[in-house]
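J.: Construct all of the structure, not just a fragment, from the sequences and the given hints.
Each residue of the sequence shown is one higher than the one before, counting from 1 in this note's numbering.
Treat the hints with care, since some could be wrong.
What follows is a list of derived Cβ distance ranges for each label pair [stated by the list, open to error]:
| # | residue 1 | residue 2 | range |
| --- | --- | --- | --- |
| 1 | Pro15 | Cys518 | 23 to 31 Å |
| 2 | Pro281 | Arg306 | 17 to 25 Å |
| 3 | Pro281 | Gln255 | 34 to 42 Å |
| 4 | Asp288 | Gln401 | 45 to 53 Å |
Using 27 Å as the maximum straight-line C-alpha spacing, the simulated BS3-like pairs for lysine-lysine come out as follows [said to hold, decoys possible]:
| # | residue 1 | residue 2 |
| --- | --- | --- |
| 5 | Lys416 | Lys380 |
| 6 | Lys85 | Lys269 |
| 7 | Lys469 | Lys380 |
| 8 | Lys416 | Lys469 |
Simulated from the structure, these hints should not be mistaken for laboratory data. We treat Cβ as the ideally placed atom computed from N, Cα and C, and that holds for glycine.
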Amino acid sequence: MIRLRTGTGYAEDVPTGADGRILLWCWQDYLVESPEQPALPVSCVTQELPSEDGWRALVNFGDYVGLLDLAGSICEIRSHKLDSKGFDDLLLEISARIANLPFDVNSPTFVPFSRDVTDERDRLYQAFVYLRWAMWSSSPSLFESWATISADPHRVLVREERRETPWDARGVTPRTLERIASHPENWVELDSDSLLSSTALARALTDDAGRAHFPREVVEVIAEPTLDTPENRFARHFLSTAHELVERLLVVLGQQSAVDLDLTADADKLAQELRAMQQAPFLREVGDLRSFPAQSQVLQKRTGYRELLLHFHALSLASRYPISAADLTRIIETKSASLLYEYWCFFEMAEQIRRLGLRPLHGVPVGGDEMSATLNEGIKLVFEDGVELHYNRSFSRANTQWRSYSVTLRPDIVLKVGDTLHLFDAKFRIDRWAVEDFDADAAAKEAVENDDRAGRASAIWWKNADIHKMHAYRDALGRDGAHVATVRMLYPGTQEVFYPAEPGGGEGVGAVPLTPRCGADELRAVLHGVLIAKPERVAPRAAGRL
Numbered sequence: 001m002i003r004l005r006t007g008t009g010y011a012e013d014v015p016t017g018a019d020g021r022i023l024l025w026c027w028q029d030y031l032v033e034s035p036e037q038p039a040l041p042v043s044c045v046t047q048e049l050p051s052e053d054g055w056r057a058l059v060n061f062g063d064y065v066g067l068l069d070l071a072g073s074i075c076e077i078r079s080h081k082l083d084s085k086g087f088d089d090l091l092l093e094i095s096a097r098i099a100n101l102p103f104d105v106n107s108p109t110f111v112p113f114s115r116d117v118t119d120e121r122d123r124l125y126q127a128f129v130y131l132r133w134a135m136w137s138s139s140p141s142l143f144e145s146w147a148t149i150s151a152d153p154h155r156v157l158v159r160e161e162r163r164e165t166p167w168d169a170r171g172v173t174p175r176t177l178e179r180i181a182s183h184p185e186n187w188v189e190l191d192s193d194s195l196l197s198s199t200a201l202a203r204a205l206t207d208d209a210g211r212a213h214f215p216r217e218v219v220e221v222i223a224e225p226t227l228d229t230p231e232n233r234f235a236r237h238f239l240s241t242a243h244e245l246v247e248r249l250l251v252v253l254g255q256q257s258a259v260d261l262d263l264t265a266d267a268d269k270l271a272q273e274l275r276a277m278q279q280a281p282f283l284r285e286v287g288d289l290r291s292f293p294a295q296s297q298v299l300q301k302r303t304g305y306r307e308l309l310l311h312f313h314a315l316s317l318a319s320r321y322p323i324s325a326a327d328l329t330r331i332i333e334t335k336s337a338s339l340l341y342e343y344w345c346f347f348e349m350a351e352q353i354r355r356l357g358l359r360p361l362h363g364v365p366v367g368g369d370e371m372s373a374t375l376n377e378g379i380k381l382v383f384e385d386g387v388e389l390h391y392n393r394s395f396s397r398a399n400t401q402w403r404s405y406s407v408t409l410r411p412d413i414v415l416k417v418g419d420t421l422h423l424f425d426a427k428f429r430i431d432r433w434a435v436e437d438f439d440a441d442a443a444a445k446e447a448v449e450n451d452d453r454a455g456r457a458s459a460i461w462w463k464n465a466d467i468h469k470m471h472a473y474r475d476a477l478g479r480d481g482a483h484v485a486t487v488r489m490l491y492p493g494t495q496e497v498f499y500p501a502e503p504g505g506g507e508g509v510g511a512v513p514l515t516p517r518c519g520a521d522e523l524r525a526v527l528h529g530v531l532i533a534k535p536e537r538v539a540p541r542a543a544g545r546l
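T.: Given below as structure tokens:
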């Protein structure tokens with residue numbers, strides 16, 4: 001029986017929810033006591049402690065968010081801003097954003113990260129994340145597309161020749177008569193008293209000696225509908241491949257010591273649904289795929305088949321998921337909320353730029369740094385009017401285009417507008433200020449104290465140290481004569497702040513709240529000022545001092 005304790009001196013047992021789950025928080029230390037060491041996520045054991053009976057250790061789950069089975073006890077590890085369902089919703093939302101962006105899936109360089117070091121597990125995670133989105137969140141969903149196909153599968157008429165007795169033939173065509181006349185070896189001589197000898201066909205087949213003949217058999221051309229078409233063979237192959245990928249993922253998950261229960265449940269549910277789709281009655285008549293029907297107009301244009309073809313291409317190209325193999329593995333296995341939040345901020349910003357009227361033109365990989373000219377490192381989206389949005393863009397002394405005059409720095413998001421750069425750094429970890437430690441405005445202190453007295457989570461979440469990092473970015477970075485105008489932190493809070501470099505100016509540093517499922521009004525206003533309004537005329541959203 002496992003026991004987890006927290007509080008002063010780890011004297012209190014952790015609370016349990018109404019459903020019996022042990023409720024834990026990420027980034028918090030816990031004392032774990034168990035008869036033997038339980039299966040735990042990687043690197044969450046911070047210190048093993050002496051124990052006379054069993055196993056005892058201090059554990060911190062970091063930014064893991066999800067459900068874990070710890071020695072038979074179900075633990076739900078939550079964040080103040082994100083629960084397990086919210087984590088999965090964010091991942092699905094990223095998939096939806098990616099599907100709506102113009103990444104060139106027909107390009108061999110589509111995946112913006114090197115795939116030569118990936119393994120089977122990485123490919124399975126890529127496929128699973130895509131298939132889960134396609135099945136349950138895309139519009140139309142994969143299930144709906146398959147239902148459309150199953151209701152009216154593609155059929156073709158197949159013409160074949162059959163040898164039949166004359167009285168069994170269902171129709172006579174000029175071709176039938178031609179075959180009879182040109183193959184006398186199939187004629188049978190009729191007796192003079194035969195009823196057939198009076199037929200027009202027998203009279204036509206009378207020889208010079210006056211002997212009547214009649215064909216023993218005729219060749220009839222039959223056209224019958226069939227479901228065994230290249231398009232249906234492709235559909236069967238796609239379902240079989242998708243189901244096999246998910247089944248292999250279940251095997252991989254079963255080999256791991258600590259797995260999120262929601263992840264396993266979703267994979268199992270997905271496998272069951274794909275298995276059920278494979279039981280469609282019309283597939284019983286469909287054979288194996290021998291060649292890909294690339295030129296098929298049915299696959300390219302017919303509803304249901306067209307969507308299936310798009311899903312197939314996405315899976316074939318490591319899914320439409322431009323996230324690095326290492327990052328996606330970390331997101332799936334360790335449920336890293338911080339890393340997921342960074343990616344979500346990037347794609348949410350792309351969505352807000354699109355809503356402001358700038359059409360995304362294409363998404364491309366970004367390669368090259370001071371270590372290797374072939375190491376792909378991030379994502380680049382190009383919008384109308386020359387606006388560019390970069391994720392994970394490196395600035396270094398060796399890079400003449402994206403230059404840092406000191407150490408290598410890598411802000412999460414770079415927005416390039418003409419010759420001006422605007423940087424954004426995503427900070428999911430939302431530690432509270434300790435009142436005695438922070439050096440903030442009197443108004444900020446008062447807001448924290450008021451929230452504490454009211455029992456509310458504080459609206460002030462950033463630390464001055466985070467703002468200091470924004471200053472470091474603004475001071476050190478640039479690009480080909482372009483300068484960094486603003487640097488802002490994105491964080492899941494409620495308070496926006498901007499510190500202008502000059503009174504009333506539009507350049508400076510600050511923080512913008514961006515919380516999943518809570519809207520993006522503040523970010524949209526910032527982007528409107530950067531992209532639509534004249535930068536020099538943009539008034540600061542809020543003013544303060546450091």
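J.: Hint by hint, say whether it matches the structure.
T.: Status of the hints after comparison with the structure:
no., hint, in the structure
1, Pro15 x Cys518: 23 to 31 Å, "holds (26 Å)"
2, Pro281 x Arg306: 17 to 25 Å, "holds (22 Å)"
3, Pro281 x Gln255: 34 to 42 Å, "holds (36 Å)"
4, Asp288 x Gln401: 45 to 53 Å, "holds (51 Å)"
5, Lys416 x Lys380, "holds (11 Å)"
6, Lys85 x Lys269, "holds (16 Å)"
7, Lys469 x Lys380, "holds (23 Å)"
8, Lys416 x Lys469, "holds (20 Å)"
The earlier numbered hints are all upheld by this structure, with none contradicted.
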